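Visitor: Sequence:
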Amino acid sequence: MLQPDVANHAALPSMSVAPIRSGEPLGSKTQRRRKYVFTAQIDERIREIYLHHPNAKSRRGIRQLANLVAIPHWALKERARELGLARTKEKSWSEPELATLARYAWMSDERIRLKLKAAGYARTVTGIHLKLKRMRFKYDPSFYSGKGLAQALGIDSHVVTRWIKTGHLRAQRRGTARSEQQGGDTYVIREKDVRRFVLDHPTEIDLRKVDQLWFLDLITNGFVRSA
Numbered sequence: 068m069l070q071p072d073v074a075n076h077a078a079l080p081s082m083s084v085a086p087i088r089s090g091e092p093l094g095s096k097t098q099r100r101r102k103y104v105f106t107a108q109i110d111e112r113i114r115e116i117y118l119h120h121p122n123a124k125s126r127r128g129i130r131q132l133a134n135l136v137a138i139p140h141w142a143l144k145e146r147a148r149e150l151g152l153a154r155t156k157e158k159s160w161s162e163p164e165l166a167t168l169a170r171y172a173w174m175s176d177e178r179i180r181l182k183l184k185a186a187g188y189a190r191t192v193t194g195i196h197l198k199l200k201r202m203r204f205k206y207d208p209s210f211y212s213g214k215g216l217a218q219a220l221g222i223d224s225h226v227v228t229r230w231i232k233t234g235h236l237r238a239q240r241r242g243t244a245r246s247e248q249q250g251g252d253t254y255v256i257r258e259k260d261v262r263r264f265v266l267d268h269p270t271e272i273d274l275r276k277v278d279q280l281w282f283l284d285l286i287t288n289g290f291v292r293s294a
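For the sequence shown, the numbering used here begins at 68 and goes up steadily by one.
Treat the hints as calculated values from the structure; they're not laboratory data.
Subject to a maximum C-alpha distance of 35 Å in a straight line, what follows is the list of computed DSBU-like cross-link-like pairs (lysine-lysine):
#, residue 1, residue 2
1, Lys184, Lys102
2, Lys158, Lys184
3, Lys144, Lys158
4, Lys232, Lys214
5, Lys158, Lys182
6, Lys184, Lys200
7, Lys232, Lys259
8, Lys158, Lys276
9, Lys198, Lys259
10, Lys184, Lys198
11, Lys276, Lys184
12, Lys144, Lys184
13, Lys200, Lys144
14, Lys214, Lys200
15, Lys214, Lys276
16, Lys259, Lys276
17, Lys158, Lys102
18, Lys158, Lys200
19, Lys200, Lys182
20, Lys232, Lys200
21, Lys276, Lys198
22, Lys259, Lys184
23, Lys214, Lys158
24, Lys184, Lys214
25, Lys200, Lys276
26, Lys276, Lys232
27, Lys259, Lys214
From a predicted model like this one, the values you see are computed outputs, not experimental measurements.
Please build the complete structure, drawing on both the sequences and the hints.
Guide: Laid out in structure tokens, this is it:
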């Protein structure tokens, strides 16, 4: 059971909020800032409340928790936003941002975030992932299409098809009902099979054409991450 005792606060995460000063109107904008401390127990309870009722407009559990730990319910809601649990209104995507998503959809969400950041746009990894999903650009980050892999390596898609047909690159059909006139069924290539191909056939890769950080991330199986 969650205890209201919040000892050992000094080393725990906190956020600044404005307390009400004596004799000061509730709506005053000149209030001092103070810090409410959120223990691991409190954070876990907030997660439980939001994850058990993901679409609720109001959550009675938050007010109950507020009474228990002596932290205002609105401060707990702010904490939920910090933890990525509460929904916030998404800023509209600009045309340059959408163009960047389309161009780099084959990359990891984090690499796309860095591409957007370099272009002057701030987006979260979660926001990018959801937008790609809505736009049907990405189905599973651990798989590549033949065209997507070709874009990643900076080569023509026919080269990828040749690797597959010679048996050098493992792939499977997606299982779509596309006719021959539509180009036929497309390939699905697992990330680990791309990595195996690169290690077995390094001379096939032109390092001048690939995104260096993405390539290192691929080869090291996610060990290398950009700062």
